[in-house]
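I would like the entire structure built from these sequences, with the hints used as guidance.
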Amino acid sequence: MKKSKFSSFFYEWFIFILIVLAGVLIVYQIFYSKNKGNIYYSNLALINQDYSKDWFLGNRNAKLVLVYYSDFKCPACAYYHTKFLNNLLKDFKDQILIVFRHFPLPGHSGSRELAYAAEAAGKQGKFWEMADSIFNNQQKFLLSKDLNKEIMNLALFLNIDIEKFKSDLNSEEVKNKVEKDYLDALKMNLPGTPSFFLNGRQIFISASYDEFKIFLENEIKKINSN
Amino acid sequence: MEKSKKNVIIYVIFVLSFFGFLDALYLSLGYFYNKDLVCSFKIGNCNDVLKSNYSKILGIPLAFLGTVFYFCILFLSFYFIRYQKFFNLIKFLIFFGFMFSSYLVYLQAFIIKSYCLFCLFSAFICLTMFVLMFLFYRN
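Residue numbers (the working numbering), protein chains in the order written: chain A, 1 to 226; chain P, 1 to 139.
The calculated lysine-lysine pairs, modelled on DSS-like cross-linking and capped at a C-alpha distance of 30 Å, are:
{"#": "1", "chain 1": "A", "residue 1": "Lys53", "chain 2": "P", "residue 2": "Lys42"}
{"#": "2", "chain 1": "P", "residue 1": "Lys42", "chain 2": "A", "residue 2": "Lys83"}
{"#": "3", "chain 1": "A", "residue 1": "Lys177", "chain 2": "P", "residue 2": "Lys42"}
{"#": "4", "chain 1": "A", "residue 1": "Lys93", "chain 2": "A", "residue 2": "Lys83"}
{"#": "5", "chain 1": "P", "residue 1": "Lys113", "chain 2": "A", "residue 2": "Lys187"}
{"#": "6", "chain 1": "A", "residue 1": "Lys145", "chain 2": "P", "residue 2": "Lys113"}
{"#": "7", "chain 1": "A", "residue 1": "Lys140", "chain 2": "P", "residue 2": "Lys113"}
{"#": "8", "chain 1": "A", "residue 1": "Lys140", "chain 2": "P", "residue 2": "Lys51"}
{"#": "9", "chain 1": "A", "residue 1": "Lys83", "chain 2": "A", "residue 2": "Lys187"}
{"#": "10", "chain 1": "P", "residue 1": "Lys42", "chain 2": "A", "residue 2": "Lys145"}
{"#": "11", "chain 1": "A", "residue 1": "Lys140", "chain 2": "A", "residue 2": "Lys90"}
{"#": "12", "chain 1": "P", "residue 1": "Lys56", "chain 2": "A", "residue 2": "Lys140"}
{"#": "13", "chain 1": "P", "residue 1": "Lys42", "chain 2": "A", "residue 2": "Lys187"}
{"#": "14", "chain 1": "A", "residue 1": "Lys180", "chain 2": "P", "residue 2": "Lys113"}
{"#": "15", "chain 1": "A", "residue 1": "Lys149", "chain 2": "P", "residue 2": "Lys51"}
{"#": "16", "chain 1": "P", "residue 1": "Lys113", "chain 2": "A", "residue 2": "Lys149"}
{"#": "17", "chain 1": "P", "residue 1": "Lys42", "chain 2": "A", "residue 2": "Lys149"}
{"#": "18", "chain 1": "P", "residue 1": "Lys113", "chain 2": "A", "residue 2": "Lys175"}
{"#": "19", "chain 1": "P", "residue 1": "Lys56", "chain 2": "A", "residue 2": "Lys83"}
{"#": "20", "chain 1": "A", "residue 1": "Lys175", "chain 2": "P", "residue 2": "Lys42"}
{"#": "21", "chain 1": "P", "residue 1": "Lys42", "chain 2": "A", "residue 2": "Lys140"}
{"#": "22", "chain 1": "A", "residue 1": "Lys83", "chain 2": "P", "residue 2": "Lys51"}
Hints were generated in silico from the structure; no laboratory data involved.
Structure representation (structure tokens):
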């Protein structure tokens, strides 16, 4: 009697542990299959491939064209802007064209105002300085209770004509530019920011710059061998 | 409450807490290994909730506490099925879990203003366990 009680005790708890372990394994599998960090294209084509009016970095005639839709209050955008852009320019020099487009998300209040601020600074030739400043100090903007004050502080720091800046901030031209990018993003049903397009095709990338660099080097080889 | 009724309820709670355990485990993994580098256009996205200021208590991620909670119920309900002990402890845990998960739903709806489907699923599990334990109870 004792022996069978003993073994049934182990048998039951063994089954229990098996059930729990099976559950853990299933979850692990599901989780890791959804989180592969790799690079792949989707079927989505960029609807506006005229970059003549966009802010850009690099070479206008480059074989690699990277367009990214960005939101100034999105931490992911800050990550890519601060960690990828300069390295891409350094590693690919005149082989790459980087184009900035606006996609201020509805869930981020104030990101439209920041987009207007960058465009207004751009009217005085300082778009990238403003964009870099915003992304480098994004925490401050995310926590700020007075966004306009922060924007004005940045403008002062950039040494631009403040009156012109204020007037451009509210101008139709600046607002239309941001709206156009935003509407294009909506038309394409972009899932969020940042959204990347390489040579007109949507591309999903990982957090690894090195992985992206190797991928781009391969793309250049493919283009050159055609 | 009849012994057999108790057993049936606990069997169901065992199954429910198993799914709650898987759900919380998935969220815990997401918390520790999150590679999500994107801000979503749609509101109602898990990242808003999981990265909010409310996702931790005393430095411990809620998802992890949830995993521990569900595992306790899983373990205790299995123990009850086998040895008929700890029924009231299970009851107490479920009551506490339901109260706490209701608070979390309130946070999502009114404070964070964004929903995470996995969190809502867990809340649903807690609600179902609560209903079973307290509304099917007839002395």
